Structure formats: C-alpha cells, structure tokens
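J.: Chain residues, written in single-letter form:
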Amino acid sequence: MSNPRTFQIQEISAHPGPVPGQGTRREDEVCKYIDVTTCIGCKACEVACVEWNDHPFRETTFDDTYQTMPSTEWNYWNLIKFAEDERDGNLMWLMRKDQCMHCEDPGCLRACPADGAIIKYENGIVDFQQENCIGCGYCISGCPFDIPKFNEKTKKVYKCTLCSDRVGQGLEPACIKACPTGCLHFGTKTDMVQIANTRAKQLREQSGFVDAGVYDPQSIRGTHVIYVLHDLKRPERYGLPANPVIPPIYTYWKWLAKPTGLFMAVLGVGAVFFHRIFYGPKMPQPEDIPEVETRPQDEIEAARKEQP
Amino acid sequence: MTNGYIDIKNTDMMLIMGSNMAENHPCGFKWPIEARLRRNAKMIVVDPRFTRTAAVADLFLQIRAGADIAFLGGLINYAIQNNRIAKDYLVNYTNAAFVIKEGFKLPEDGLYSGFDASAQTYDKSSWNYEEGGNVGPTPAGTGTGGVSSGGNEQKPAPTQFEKQSPAVKSQSSTPPPTRAGAAQGETGRGTGGGHQAAGPVGAAAQGGLKPPPMLPANTAYDLSLQNPRCVFQLLKKQYSRYTPEMVERITGVPKEQFLKAADMFTSVRKGGDMKKAGTIIYAVGWTQHTFGTQIIRTAAIIQLLLGNVGRAGGGVNALRGHSNIQGATDMGGVFDILPGYLKVPSPSDVDLAAYLKRTTPTPSKPGEWDSFNYWSNSPKFMVSYLKAMYGDAAKKENDFAFGYLPKVDRNYAWAELWDHMYRGQVKGLFAVGMNGVAIGPNSQKNIDALKKADWLVVGEIYPEETSEFWKSPGITPEEMKNINTTVYRLACAGFAEKDGSFTNSARWLQWKYVAVPTPGIAKVDQEVVAQIFLRLRELYRKEGGKFPDPILNLSWSYTTPENPSLSEVAKEINGKALADITDPQTQQTIKAGQQLPGFAWLKDDGTTSCGNWIYSGSWTEAGPQLARRGTEDPSGLGIYANWAWSWPANRRVLYNRASCDPSGKPWDPERRQVWWNEAQQKWVGNDVPDFKADSNPKDHMGPFIMNPEGVGRIFGPLAAFADGPFPEHYEPMESPIANPLHPNQSNNPVAKKFTSDLDKYGTPADGFNVVCTTYRLTEHYHYWTKNNPMNVQLVPEPFVEVPAQLANKMGISGGEKIKITSARGHYIAKAMVTKRIKPMMIDGKETYQIGIPIHWGYRGIAEDEGKTALTPVNLLSPAAIDPNAYTPEFKGFLVKIEKV
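Protein sequence lines correspond, in order, to chains R and B.
Per our numbering, the first sequence starts with residue 1, numbered consecutively.
Per our numbering, the second sequence starts with residue 1, numbered consecutively.
These are computed hints drawn from the structure, not numbers from a lab.
Since we're looking at a predicted model, the values are computed, not measured.
Be a bit skeptical, because a hint or two may be false.
[To be verified] Partial selection, computed: residues in chain B whose CB lies under 10 Å from chain R:
#1 L37
#2 N40
#3 L777
#4 V792
Note that the Cβ used here is the ideal one computed from N, Cα and C, for glycine as well.
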C-alpha cells in the first residue's frame, strides 16, 4: 500500500473530460474490517481519530447513554454507536463503530457539483478536498449513511479520510492502530472479505448466530468499510440501512438532470431574447403600482434574525 | 494472576466474574477475544450489570452484588454432584484426601467451630489436619477408624501415586543441584514441628501467650476420599446446601440459567477428560466485600476441583486495578507484609530467631509424599533483606539488625488508619499518588479525619479532593477557620515523566523510560522521598532521639543520594553477593559485588543482600532482564520468555508442575508447558518449571511448592483465613435480606464494622432498599482523568445507572437528576435509565440494583465548571472491611433513590 500508484485518481466530482491517467492500472483496493461481535465499545478508535487528525476537544453533554455524542460531527469522524437491543427477552448491547463507509459508488461524489471537491482513489478511499468545496451540502444529502458534516465556520464539509495520509505511507488508519481487541483490521478488500466471511461462519456455527453475515452492501457496489454483524438480516438494529441507495436525483444528475437543466437555461435565455425582439420592453404602468405596506425597520431586522 | 494475560488465549472456557474486563482491562481483553476466535472458547460473564464485557459473552447472568460465594458454592456442588471433577489431580495435587481433626464443625448455623463471640474471632485449633498417615482402605497404610464407604460416592480410580507405591521419604532432603530459579531444598530448621500458617496480625500478636497450634508433620489421609472427615467429604457436605434453588434465592440468578452456566463451565471436565482447561478471571468486584478473600478462595477451590490450576489456559487470574499495583504489593506496600511477602515482625518476635521460628514453615504432608516447602528458605530471604536495608550495620552479632524493623502491634489497614485519624491518634499523613478522600470508603469521615490532623502532605499532578478537603462542599467559612491542618502540596511527576518498572498483573517486571520531562517545579517521587529522608537523617544525627539507629544506619549508597537513580534501586532489589559465594554442586562462583542470578543463591549468613527475593533475577550481571524485548515464542503458547522478566525466576505460569499428570506427562500434549525428562532426570519445558528441577515424579512431590503440604489447599487450615477454612456465603453488611442459609448469622461474624459517630449502617427497615454497586468506566481512570479534556469529552459528567423498571415505577426519565442516599451521605447525578439492569427476585422479594461510576468529586473540569453536584461517590460507601485483606465493601451496600 505504500505504492503511490494506489493514489491514482479514479474519479473527480463534476470534472469535465477524462481523469488524467484513468484506467492505466488496477491496484489493490483497501478495506477496513469491523467485527461488531468483538467490539467492546472502548472508544480507543474515537480518541485515536481525534488525536491523529488534530481535532479540537468538543464539549459534550450526558445524554442517557454511553455514546459520546448523538452522531458524527465535522470534527468527530469516528463514533461508537450504542444500542440496547431487546427482542424476545434477549438483551444485546450493540456497539458499532460509525464512520465513512468509503462506498464503491459514493453518493457524496455523485452529488457534488464542485470540480475536484471529492475524489475517489483507485484504492477505494473517498476523500474530500476542502479547498475545492463550495459548501453547497449536496454531498450530505447524497450520502446514504449520514456521514459528511458541515462546518458553519469554514462553510465546508468534512468526513473520515480513512487516514489517506497514513495509508499513503503504508500505515494502517489510526483507529485500527488503537483497537485493543483486534475487532478492527485493515488490508486489501479481498483479504478483509475473506476474514469477515470466516468470522461470520464461525458465528453461525459456533455461537448460534444463524443470521450472522458480512455487511458490504451491493446496492452501492460494496463499501471499503465492511462489518461482521450477528444479524445481517436486520442491519437496522445497528443503525445501518438494509439497502443503502444514492438519492435518484444524484444518480441521474450527470446524465439527465444536468444536461436537462442546461438545456432549460439556454431555452430561457432564448425566450427572453425573442420576447424582447417581438414584444419590445415592458413599460411600467402608473396605475399598476400597488400600495406597499411599510413595516418598521426593527421588525424587519428581527424577522431576519429569526431565520437560521 | 497464576497465569498471565497472553495465556488466556490458550483457554477453552472463561468465567469472568467480579471483573468487567473489557472496560477496565481492554488491552488484556484481546486475549479472551483471541481464545474465542482461535479456539472457540466459551465466555461466561456474571455481573450485577450487563456490561461491555457481557456484550461480547456467550452467556451473561445478572447476579446480586455480594452474592458471589453462593453462586460459586453452587458451582462446586454442581461439579461434585455431576462428577465433573479431576480425580487424579484432586487426590495427588490437593489436600482433598487429608483428614481433618475431630471437633471441626461446618457452619450450618453460620459459625465454624471455635467462635469466640466476645472477641469476634475464631479459636482455629480445630481447623487442622489430623496426625497419623494413611487411614484409608487403600494399601498404603491401615485405617484407624472413622472410615466409611461414604454412600454413593464413586471410588476414584487408583492413582498414579498408588501404582508407584513409593518408599517413605526422608523429611529433610539434601539440597539437590540447582539451576537459577529452581531453588534449593530445606534449611533444616524446626524439623518435626509444624507451622502456623500466615494469619492476621492480631493473631500473631497473641502468639506470646500460648504456643500457636501447628500443622502436623505427618498428616492423616485417605486416598479413597471416603473418610467422612476427609477434606473432600467435608467439602461435599459444606456445599450440598448450595442447591440450584438456594443459589436462585440468594443470587437472583434463575435456576435454569445457573444450571446452564454450571453445565457450561464444568463441561471442560466432562467424562473426566483432562485435556481442556478453564480459567477464572476476577478483579475488585470480588475483593471489595466483607468476605472478598473468601470469594477468591471459592474460585481457587473450583479450579483445584476441576484440575485447572498450573495449566495453560487455566488458573485463578486477578486483574490488578493499576499499572503497578502488583509491584506495590510485591514490594510490601501493605502494612502486614515486607517485600517478597515476608511476614512483618510482631512484638512477640523478641529476636530474629523467634521471628524465623514463627514464620518459617515445616512440611506438613502424608509421610510418603515429598514437599518442597519453599518458604523453608525464609531465613535466607529475611537475612538478605536485612542486609539490603542496613548494609554493614546488619551483622550476625546484632541479629542482622532485626531490631531495627518496626514491630507491628495492630491493624494498620487503610480504613483503620482513617479511623485512627478521626479519633485523633494519627496526626499526619503523606498522601502521594493517591486521593484518600475520594477513594473512601465513607469519604465524609475521611474529610473530617483530616480536619483533626496536624499536617497533610499531598504529592499529586492535579489539585484534588484530598489536598482541598478543607474546602469540600458544605464547609462554611466559619468552619474553615477552625481547621488547623497544615497542608503541603508537592508537585509530583506523572507516569510518563518518570522511569522505573511496572509489575503487571501477570507478574512481569517491565522497565519503562521517561517520555517527557517533569514540568515546572515538579519532582519525581524518589527525589521527594530522598530529600525528606536525608533531612530527617540529619535531624536524627544532630539531635539524637529515642531510637535513631534504624534511620542513621539505613543503607543509602546511591550515586546521587538526593535523587537516587531507579536503576540503582532496581539492582539493589535484585541483590548481590557480599562475599565470593560458590554453589557446591556446580562449582559456579559469584564474586563479591556481583549481581545475583536468582534467589536460589541467597544465604542466611549475611553474604548476600537482596531487597526482595521474588525479584531476584530481574537485574543480573547480564543486565536488566526486566528491560528485555525479545518477541520469540517458539512454543506458540504465548510464553515470550525473553520479553521483560516475570517473578518468580521468569516463570510465566505458576504451579506449572500441575500441568502434568503424576508421572510427569502433560495432561494436554498440545499445550506442553513443562514435563519430566527421564533421560536427563529433570524437569524441562517451554516455561521455567515452577518446581524442584530434579524431583523425580516417583517421589511424589506436590506441585504447590509454597504450601508446607506441597498440595493445593481446598481446606485452608489453621490461621490461613480469619473467617473459615471453607468459604461460606454471608450477606454484605448492608443487605436487603437476612441470609437464607442461616438468618441468625447473616453477616461474616469476624468482618469489622467501625463504631465512630460517622460509621452508620443502613437497613431495609430504614428505607434503604436498593442494592448499590460502584465501579470504573473504560473512559476514565480513577479520580484524575476528570482533569483531562479528552476523557471528559468521552464521558462528561457523573451518572447513575438505574433499571428501566425502577425508573418507570418512580417516574424517573433518562438525564433527570436523582439523589441517592445511604446511611452515611448522599450523591446527586443524572439518571441513565437502562435495560441492562433488571429487577431481581431475591429470597422471594423484588429487589433492584443500581450502579454508580466512581470518577467524580469536587475538583475537575466538570466540577470546576459547576456542572456536577460535587459529591464524591464514596460519601455513600460503608467502612466495613474484609477480615483477611481488610478491603472495604465498595460493592453491594444499601441506598434509597429520590427525584431531585
């Protein structure tokens, strides 16, 4: 993985023309393996993530749970989600490490209108390039896992990088390094899928979890973060979508919505032009001006402030 | 730990009880996970709460806090009733066959024989083996009455020992050739006598009045285990009362669930097969009770019964609560022991000879068997220790300066010290690296005790509760003016700012290096201690005093006396030769001034010095063994013999002789630790044999070489334990029910409660009807990470875990502030309403448990920002202490809950 060619750019958001060097070679895809069944929710991965990425400490408040905060944040990319899950009198305390899934078909990238703001490497890592981000937030609605988060101050969007800086140097991501139980592994997608399948088989055959399996949703052509779950039939128990999809508007964005929009825009300009030619300018009619009710200035200010 | 963290990967079965290992030892927890992944090992977790450990277990049972002995006793009963026991192991490696004296009585009414109600102690003379050799029907001897066929108990198969029919061994064997670590033979002291097993200080102090009872030299035994007074029959009888129904009544664990767990755990001995091994893992969830030591005893009995001790993947494994708490205990950081678990002198020890006579055991065993009785070397350890302490001032003529050692005349345990201070008898306190007020128990008493002290010295890295006791919440400015305690606050060094060694739970000494320099005026501990000592010595030198000699003659020969280097201290602890010494067998010579290779070289004539005999071998002429970083593991058992250094003698699994059958072959050929090599006539192996290296299996030497019996103690004779030779279930000092086994003797009769006006104990009749337990979180470490923003970010404020059913009943919602009150104080925090604690039926009564993490007080980030109620949790806990280890009962006391 220290081979720099892994960081051959594969796709660029909203980029006209071909990606430089595209398709020249096939490199190993990387993958993070998360065995939910041996995760103890110790949060070492959370701390490692904050420290490696130099994120500031956040003020948190007690929220009736062991979970650090309700969801990942623009500067808190790795969060263990705790769920007390009781069915048929059988209590399970599910702990799932939540972070970017690095989808093979990334919804964020599909949605992004800014050239070069989101790139996906040949090795599968989906990375945000904040210098190109225009802060439109489309990636947020494009993500089926609710991962990208907006920073109000910088007006840009952030998420887990799969430690592309570390991976580029042949190191594992910080969360993997910190995991004390070994429920996290990092390697090639092929190897991780194999380990995951072996573990799922063991859970089915030795531990009585007949529905155990590997979460690697094919609806988005798989992910570069895969989970071993006790119950693959009901991933919602862990807060995972059973069948994650990119909102259709973004899937169609490039080949339908975008050209259509462009066409409509050209049409509009043409219509204006021809309207001017055929009907001439529209002149104001004095009797048409309505009585405008004037509001005091401070009331207008107050109304403005109320808006988020 | 008898074994070690890594060794857990070798197990087939885990019982994690009294420990929340995943949360409190997350790095060690990789090995239970490894066992599950690689061996399909099963994990049973028993805890008052569904913890993060329970979340990854195969089976979780919710137990009432403080009901552990009932559960484990039920397990013993189940194993015996279902014949899931290791018969050969039991007969040969434990005292199951030993016959107990007539007059010994089991505690059917809650009391063992010999109880003295006025003194609240036991006369333990009946808790002893009978003298007399073989009294069983087996050929090795003649029966002397009292032998019965024992009902339906299946007769064990002839043992290896019987097949060999060895000759009667001489009791004083000559020391055989040794290798480093496999130590020498007996010293020849006190032959034919007996041994008063280690007991509490109080018992020792009475020694001057009448000679203490001794263990017999030639114990009576019955290898058929049929004698009604043999340990096995007594054990069977004792725990026959612990039926699954009784277990359910006391513990709240439904009978079916208990049976499932019992079946699972004992399945390693299904059909008597010895290949598999099971481990028991515990922590302070067991020790912090008024019967804590006995809970651990129960686990030891189970493991001996199942033949799990000494084996890879087996053992009784204590997970220590701090990075170096094992080191603190090893180095004598407890009032009743000296370094290396030598006993502390008592006033009755008028001279060294008297002390050694009292503390050096002589073998007590069936005459035909052999016993290494390693503590017979105590004189060598003690004299070498005195040489390390007092150097040239320790001479043969002056008893090696034995008179310099303090004679401990009473109990100076933690809770006692604070009680003495509260009563105005202790005038000053050094609190370095510990936060006495927050630790508790009964913190208000500790705060009030400090008000009465003349001075307090606190060495810390943060401002904390102890040094600021004088402005603890509730103290008025008027009251503050009346506090005359002078508080000295010393800026000390944090763990990353000092070098030295940590001894972990696995008994590994690991050297560490300074990561960052101390900030500002902060000083490392040894500099603080040295500066105080040097000034004190100067004062004694100038002004004299009642007895200046121990101070003036204390050995302090460090290169930089005012700030000794810890490597010099470590070398001193390892020990060196003071004169040329030669091993008569190997002719190897250690020259004067050289580091000793191990404790086998220690002498009782003053020619060796050693600060702690069990650490001897950690820093040899070959260099600091404790700094080794070899990662070779040829056996694949995770022994890593070249990584750091493990006491004793770099052995990784204690009692590993017991991993072999009596003939010296491993019980499991796939997990070979040590074995008898017939050709070489010695014990060899992947691990260092924890045994006399050349003891032929035919001689039947017991694997438990630290016991005078040579075998594991299912029955703890004489003064071994203050509260009984077998564990008995007693209720916590504050309990929702009367003990169903014997309602008239509900509590441990010899556990101590205090009598000051602040020592109050609650009952259900007073409205205290909820069982409360306290614990740590994985996100915090004791009382100091509340000052670290990273930890505070993960868990920002104190909370109380409340069962959802109880919350519903009381109308409490999650996040709402609630007030917890005990007979001693109150605690306010937000409620965490959870499904992970269920209501329980205890003796037919619906009972609730709550849990409180301990980490907050009145100084810290959240505290200083005004986000908490500034109530340390130990305002709630009672000062009631275990009679053996003197640990307070932080788990399982009574409270009531109100909405704020």
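J.: Could you run down the list of hints and mark each one as holding or not?
T.: Hint-by-hint comparison with the structure:
| no. | hint | in the structure |
| --- | --- | --- |
| 1 | L37 | holds, 7 Å |
| 2 | N40 | holds, 5 Å |
| 3 | L777 | holds, 8 Å |
| 4 | V792 | holds, 8 Å |
Consistency note: the structure conflicts with none of the earlier hints.
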